[in-house]
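In order, the protein sequences belong to chains L and H.
Number 425 in the numbering used here belongs to position 439 of the first sequence; there are no gaps in the numbering.
Number 169 in the numbering used here belongs to position 10 of the second sequence; there are no gaps in the numbering.
Wrong hints could be hidden among the right ones.
Partial pick of chain H residues on the chain L-facing surface, computed with a CB cut under 7 angstroms [what the hints assert, rightly or not]: (1) 161; (2) 162; (3) 188; (4) 193; (5) 198; (6) 222; (7) 224; (8) 234.
Worth flagging that the hints you see were computed from the coordinates, not collected in a lab.
From a predicted model like this one, the values you see are computed outputs, not experimental measurements.
Just so you know, even glycine gets a beta-carbon here, dropped at the ideal spot from N, CA and C.
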Amino acid sequence: MTARRISGSGASLSFSFDGRPLQGRAGDTIASALLASGVRIVGRGFKYHRPRGIYGHWTEEPNALVDVTRDGRTTPNLRATTEWLTEGMIVRSVNAAPTAETDRSRYLDRFARFIPAGFYYKTFLWPDWHRFEPSIRAMAGLGRLDPDHEPPADAAPVNARCDILVVGAGPAGLAAALAASRAGRSVMLVDDRPEPGGSLLWNETEVDGVGGAEWAGAVARELRDRGQRVLPDTTAFGVFDHNLVALWERRHDQPDRQWRVRAKTVVVAAGSIERPLVFPDNDRPGVMSAEAALVYLKLHGVLVGERIVLAANNDRALAAAEPLRAAGAAVTVADLREGPVIDGVHGASGVEAVTISGRRMEADCLLVSGGFTPTVHLFCQAKGRLRYDDRIAAFVPGEPLPGMAVAGAANGAFSLQEALDQGHAAGGGNGVAPRAAASGAPLSIKPAWPRPGSKGRQWIDFQNDVTVKDVELAARENFRSVEHLKRYTTLGMATDQGKTSNMNGLAAMAAITGRTIEATGTTTYRPPFVPVPFTVIAGRRRGELFNPVRRLVLEAEHRAAGAVFREYGGWLRPAWYGPGSAFEATLREAKQARETVAIFDGSPLGKIEVMGPQATDLVDYNSYNTLSTLKPGRFRYGFMLTESGVVYDDGVTARIADDHYLVSCSSGHVPGVMARLEEWRQDRFDPAKIAIHNSTAGLATLTATGPRSRRLLEALALGVDLSDEALPHMAFADGVFDGATARIARVSFTGDRSYEITVPASKAPALFAAMVEAGRPLDAFPMGSEALLLLRAEKGFLIAGKDTDGTTMPHDLGVRGPRDRRAGEYVGKRSLFTDDAMRDDRQQLVGLSVEGETPLPTGAHAVDRIEGRRRSIGFVTSSYWSPTLGRPIALALIRRGLGRIGETIELVHLGRPLKASVTPPCALDPEGARLNA
Amino acid sequence: MQLFPCPFCGPRDETEFHFGGEAGKVRPEPAGEVSPAAWSRYLHRNANPRGATREIWVHLTCGEFFLMERDTVTHAVAASWSLRKEEP
Ligand SMILES: [Zn+2]
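Let the hints inform the model, and build the full structure from the sequences given.
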């Protein structure tokens, strides 16, 4: 327990870790507070449950994943290094029970050789693998989800544009933003830390004559004063097509939110990440990134050890020795460029000593640096190609991308002046770049890559427990491409996505396979750069707003009438009214509709107007049935086909005048029918001679259906002659309701006499009230969609997409006339004459009747026995108990069904055999007498 | 998320557009004279080129179909123009 707080102020904050009460300070991350409290073991390895300590200081951290409870709400798998400590925070280690210190699965490390890379792939090939699955599943995974916690997500994403988006407010990013701003460009500067400065915050240096951190603050102030956007606590996590950059803004008193920024130029100045060294037991708590030690010292006043060994292969990391000594630590330097080798670390639960080239040294902390990996993620997400630079032993951006510049350490520029110069140039700066007091030492790195074939267990990926031996195993089993290596060993997966491990992993594979690092290559970089909460990505698109339903003008009236609402084709509609189960209510309404008169809200039914000199040509072409022979004032029922000849929708079309049609379609198909009409209007006809208008939303349609419907209409007194001579079935007439046009149409979806009354939506409440009032002496009642579905099925009226599927053609529904006789072109015509369309064993719509009282299950398969084997010949599409007929009814698509009428067929549902006899689809009133009853 | 230039509305997010088809396809007619192979080509066969391509798209918010030249690899958009005008 040797890390300790040596300086700094800030209010004291109480928190707990694995149940232990601890103290931290305002300005601490969870990680710095744990270090200051002397906590060394913060978690357990994913596979072997070895103790793990804090390795890094920011987004790269592979080990310190924790579940955090704030205000009673738990968020799993957060990095302790990027979460700011708050008062009363409850922190728990993941993948450990009961605590990270005393984890009861720590025995697993002794079985490590039985859990090699590819363990899951091999295990799940065993014949009885499923017997092991539960116990393996119980062990997999990390943090615990809190099922009661639904995080707030009411922040809408913000869309923004700018000339230059600068990612990273370190020296290069600040220089870029400053240059661009002074050149008159609009700038957004984002950085994932709360303060600007990046590495200037922990490296002692001066820029333009003032301290680095002070200069950074001054630049941010100047940007803000010039009206530029500076977003702290904000991570650019993804680059998408055409320079769209997604940002995650963390806010303290409001929900986090997403920004989507279109930038003419993106400057990636995201810095670099220090790489671990690979040696035996390099995963022990107390082995830490050298830069991290500097960050904890300078930003948090925490000295990570008393007796520190600093082992590095580059000057940038070795420079950490001086400030650590000045803070009071004894620092022994092992400059790996001069030959020393780390033989191993002693101490099972934390560093107690280190042996370097045979010499054992007592130590409580081993700081390591294998070099720095430029943070090129955004460049690579934008499809940039990398180039390997031997001088710095790292991949750097190769050919520049249009609209993107990379500057500073992200571009392999590790000296301060170089970073400032690159940033200045990337920002399009005029004149000289900001000057650093000391240009900073060059990296002077000598590679220290993992060595295959060496002894002991040497970790490459701490988070996924991948060792050098695992990479060797993958190579032996021929998973040699880096993409295969990743998937076979899980190297570079999970929350850190290999930020510290990828380079060592591919360097190991390069060494094993005798290829260069450049030829071995990197895995594909994909968003997000860090794990981003789903709430930020979803914004307000969740719950009711995920896929908002459309609502009826009369929703309030239906609710007052006791409606139970459900969604139909994207609309929230009354399913039934009043008490009782869905089944009881549906039967009650369907039965009464055949006896008195039902009032049904059919407003969502599509109403698309087609007008103009070529309107007739368009509606004819769009429809399977000829419409040009229709007389004004009349309707015709028909289908719309796709070009593949499949029934897309059914509905009635009214001819209002010679050059004016009203095409109605299913409520869910309105956008699709609009789209096809528009396409043909523009692609086939003269668009100046046809206008298409979707009137659906502006109109409301209330239907009266049933034997007493005409009496209800008469009571409404709309000024229309309701005699069957003047207004026969499939005709319409315009009347007046409350000063507005009321179109009265005799169209029937129930098979009973029906009148549809269409009025402007604003008149709907008054019309509904008038119909209820007029219907009172007639036992009229409001009917929901469920009963209508039942009434349709009794009549064998199909619902496109329910009683048809993606192969159903009109002749499969018994409608052959246009196919056999129609001369002109129409959508889908040629497809009705292919070999497949003319097969005589196509599935056709039929009715089914069964013995007994139980309706067939919808979805049950009809089967034939072919050479003793059961084969499906179709399925039940709709099935109900008919209260009017007093028996079950069903519709089904059955192979060669129209030829089987009268036959008994076998069905199967979930293994249960059933029997039914094939009938015509229409089960009630096949003569259609009820239409005029 | 790509930006497509509607000839009428200017650059808009790709979510406002639908793909119409590859440019230059002519619907074979009359149905009675169209061979199965020709109809199948019209319905199902596309060049789907790697690189430069000419396509019909529709901007859903204004409803206009238009021609667009773009690159299927780089997603660079070269040009778009109204179907009601002569091609440039
Ligand atoms: Zn447009």
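Worksheet item: Does residue 224 of chain H pass the interface hint, meaning its C-beta sits closer than 7 angstroms to a C-beta of chain L?
Response: holds, 5 angstroms
Worksheet entry | Residue hint residue 234 of chain H, partner chain L, criterion CB-CB below 7 angstroms | holds, 5 angstroms
Fill in: chain L contact restraint on residue 162 of chain H - CB to CB distance below 7 angstroms
holds, 5 angstroms
Fill in: Hint check: 7 angstroms Cβ-Cβ cutoff, residue 188 of chain H to chain L
Hint holds; residue 188 of chain H Cβ to chain L Cβ min 6 angstroms, cut 7 angstroms.
Discussion item. Holds or violated: the hint that residue 198 of chain H contacts chain L, with Cβ atoms closer than 7 angstroms.
Written reply: holds, 5 angstroms
Worksheet item: Given residue 222 of chain H as an interface hint, is the shortest Cβ-Cβ distance to chain L below 7 angstroms?
Response: holds, 5 angstroms
Discussion item. Restraint: residue 193 of chain H near chain L, CB-CB cut 7 angstroms. Satisfied or not?
Written reply: With a closest approach of 5 angstroms, the residue 193 of chain H hint holds.
Discussion item. Tell me if the interface restraint on residue 161 of chain H is satisfied: Cβ within less than 7 angstroms of some Cβ in chain L.
Written reply: holds, 4 angstroms
When held up to the earlier numbered hints, the structure conflicts with none and fits them all.
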